[in-house]
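Sequence positions in the sequence shown follow my numbering and run 310 to 398.
Honestly, I wouldn't trust all of these hints.
As the list claims (entries may be wrong) - Each pair of labels, with its calculated beta carbon distance range:
no.	residue 1	residue 2	range
1	Ala325	Ala390	36 to 44 Å
2	Ala390	Arg349	17 to 25 Å
3	Ser329	Thr392	33 to 41 Å
It should be emphasised that the hints constitute simulated quantities derived from the structure, not laboratory data.
Cβ coordinates follow ideal geometry from the N, Cα and C atoms, glycine included.
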Amino acid sequence: MTGQHGGAPPDEYVEAEIQSMLAEDPDVAEQGITVVRRERGLVLYGEVESPHRREEILRRVTERFPDLPITSDIGVIRTQAPTEVEELP
310 MTGQHGGAPP
320 DEYVEAEIQS
330 MLAEDPDVAE
340 QGITVVRRER
350 GLVLYGEVES
360 PHRREEILRR
370 VTERFPDLPI
380 TSDIGVIRTQ
390 APTEVEELP
C-alpha cells in the first residue's frame, strides 16, 4: 500500500517522530519497523505478524502525516505452530 500525496521532502524529525509513534503507541507497540527517508517521501521496512497489523501501521502513519508520501516495504511473517518436536542434545 502506498499513500502518494504531495509535500516537501521529509526531514529527520518526521522520521524520528514516526519511529517513536510506532514504538510508543500501546495499540501498535512495533519496534521492528525501520523508517527511511527518500527524496520525496518515506519508506517503512520490516516484518509484522499479519496483514491487518501492516495495514494498521500504514493507516496510523498516513492519518498523522496525510501530505507525506509513504511507501510500504513491510512483509508478513508466517507464524505457525511447529510440526515436529525439537530434539536437544
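The hints, checked one at a time:
no. : hint                         : result
1   : Ala325 to Ala390: 36 to 44 Å : holds, 38 Å
2   : Ala390 to Arg349: 17 to 25 Å : violated, 43 Å
3   : Ser329 to Thr392: 33 to 41 Å : holds, 39 Å
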